[in-house]
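These protein sequence lines map, in sequence, to chains W and C.
Heads up, the first sequence is in our numbering, so the first residue is 7 and it goes up one at a time.
Heads up, the second sequence is in our numbering, so the first residue is 7 and it goes up one at a time.
Because the hints were derived from the structure by calculation, they are not lab data.
Keep in mind that this is a model prediction, so the values were computed, not measured.
Any given hint could be a false lead.
Pairs count within a copy or across copies, as identical chains cannot be separated in the list.
Straight line, CA to CA, 30 Å or less: simulated DSSO-like cross-link-like pairs of lysine-lysine [stated by the list, open to error]:
hint, residue 1, residue 2
1, Lys-201, Lys-163
2, Lys-9, Lys-95
3, Lys-205, Lys-8
4, Lys-9, Lys-49
5, Lys-203, Lys-130
6, Lys-130, Lys-205
7, Lys-164, Lys-95
8, Lys-58, Lys-205
9, Lys-201, Lys-130
10, Lys-164, Lys-201
There are 2 protein chains.
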Amino acid sequence: MKKSIGAGTFLTPTPVWLIGAYFEDGTPNIMTAAWTGICNSSKPCAYVSLQKPRATYNNIFKTNAFTINVPPVDIILETDYVGTISGRKIDKFEQIKLTPVKSELINAPYIEQCKLIAECTLIKTLDLGSHTLFIGEILDVKVDANAFNSAGKADMKKINPILFGPTEGQYYSVGENLGDAFLTRIVDGKLVNMKEKNK
Amino acid sequence: MKKSIGAGTFLTPTPVWLIGAYFEDGTPNIMTAAWTGICNSSKPCAYVSLQKPRATYNNIFKTNAFTINVPPVDIILETDYVGTISGRKIDKFEQIKLTPVKSELINAPYIEQCKLIAECTLIKTLDLGSHTLFIGEILDVKVDANAFNSAGKADMKKINPILFGPTEGQYYSVGENLGDAFLTRIVDGKLVNMKEKNK
C-alpha cells in the first residue's frame with residue numbers, strides 16, 4: 007500500500023559533491039551540489055544542475071570549466087556550510103581553510119582535501135526552468151595516492167563520500183560493501199551472485 | 007599527492023534506481039540505472055541516461071513515460087540481474103517474481119517491492135553520444151505506508167537504497183545518519199551544526 011507524497015524532488019539518496027569554479031578575477035570558489043551525477047560514458051560526462059542566482063552559474067558560463075570534488079565525511083561541516091552562503095560575499099576557501107589547487111587541464115580549482123576529483127570542460131547547457139544543466143566532459147579523474155585499495159582501484163571507504171536524503175534533508179555516510187556488480191545469474195531457478203557462488 | 011586514473015565515469019557513489027516502462031504490446035519492463043539523478047526543482051525533474059540498444063530507450067520514446075523505483079537492499083540480486091539481460095528476450099518481472107503495478111498517472115509500471123517510486127512524464131531528450139538523457143517531470147512520488155519515520159517523512163533506513171561505486175564496480179548500502187543539512191554556521195570562528203549546538 008503506497009501513499010502519495012506529492013510531486014517533488016524526493017528521490018533518494020543523491021551524491022553530495024562540491025563544484026569548483028573560478029570567479030572572473032581568479033578567486034577560487036566552491037558550492038555544494040546534490041542535483042549532480044554521471045550522464046554519458048563515451049565521452050565520459052557528468053552534469054550539475056544550478057540555479058541562475060548562484061555565483062557558480064555565472065562562473066562556469068565565463069570559464070567553461072568546473073571540477074567535481076567528492077568530499078569525505080570528515081569535512082561534512084565545511085561541505086554543508088559552503089552550500090548555504092555565496093562566494094560573492096566571502097572567499098569560502100579562505101574562511102573554512104580548504105586548499106584550492108589550480109587544475110593543469112582546465113581553468114578551475116579543485117580541493118586538496120577531497121580524495122577523488124574530476125576535471126570537466128563545459129560542453130553543453132540545458133535550461134529546465136528553475137535549474138540549468140551544465141554538462142561537462144570529464145577530462146581526467148584524480149585520486150589521492152593513499153586512497154587506493156589493494157587491487158589498485160579507488161577505495162570507497164577511503165574516499166568516504168557523503169550522501170543526501172532529499173526526503174528528510176539529512177546526510178548519510180556510505181555503509182557496507184554489498185559485493186560485485188553485473189555477476190548475478192539464474193542457477194537452478196534461483197538468483198545467485200556467481201562470485202559468491204564460486205568462492 | 008593525487009594520481010590520475012584517466013578520463014572516465016569514476017565519480018562515486020551513484021544511485022541505483024530501477025527504470026520502469028512498457029513495451030508497445032503492454033509488457034512491463036525494468037532496467038537498472040546508475041547514470042540517473044534529480045536535475046530540476048520547479049517543476050521537479052529527474053533524468054536517466056540510456057544507450058540506444060536498450061529496450062527501455064525505445065520504450066520511453068514510444069510511451070513518453072517512465073517510473074523511477076528505489077530498490078531496497080533485500081532485492082539486490084534482482085536489481086543486479088535486470089541490469090544484465092534484455093527485456094526483449096524475457097519477461098523480467100515474471101522471471102524474477104517482482105510485481106508490476108500500472109501507474110494511474112502515466113503509461114508506465116512501477117514496482118510493488120520498491121518502497122519509494124516516482125512517476126515521470128518525458129519532457130525532453132538530449133543525445134550526448136553513447137547515451138541519451140531522458141528528462142522526466144516527476145508527477146508524483148509514492149512511499150510505502152510502512153516506510154515513514156515518526157516525523158512523517160520517508161525514512162532512509164526503511165527505504166534502504168543501494169549505491170553503486172563506478173570506480174570498483176561494487177554495490178554499497180547507505181550507512182549512518184550524519185545529521186541535518188543546511189544548518190552549519192560559523193560561531194566563534196568554528197563551524198558548528200546549530201541543531202547539534204542547541205541540543
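Self-check item: Numbers of the earlier hints that this structure fails to satisfy, in rising order
Solution: Those not satisfied are hints 2, 3, 5, 6, 7, 8 and 9.
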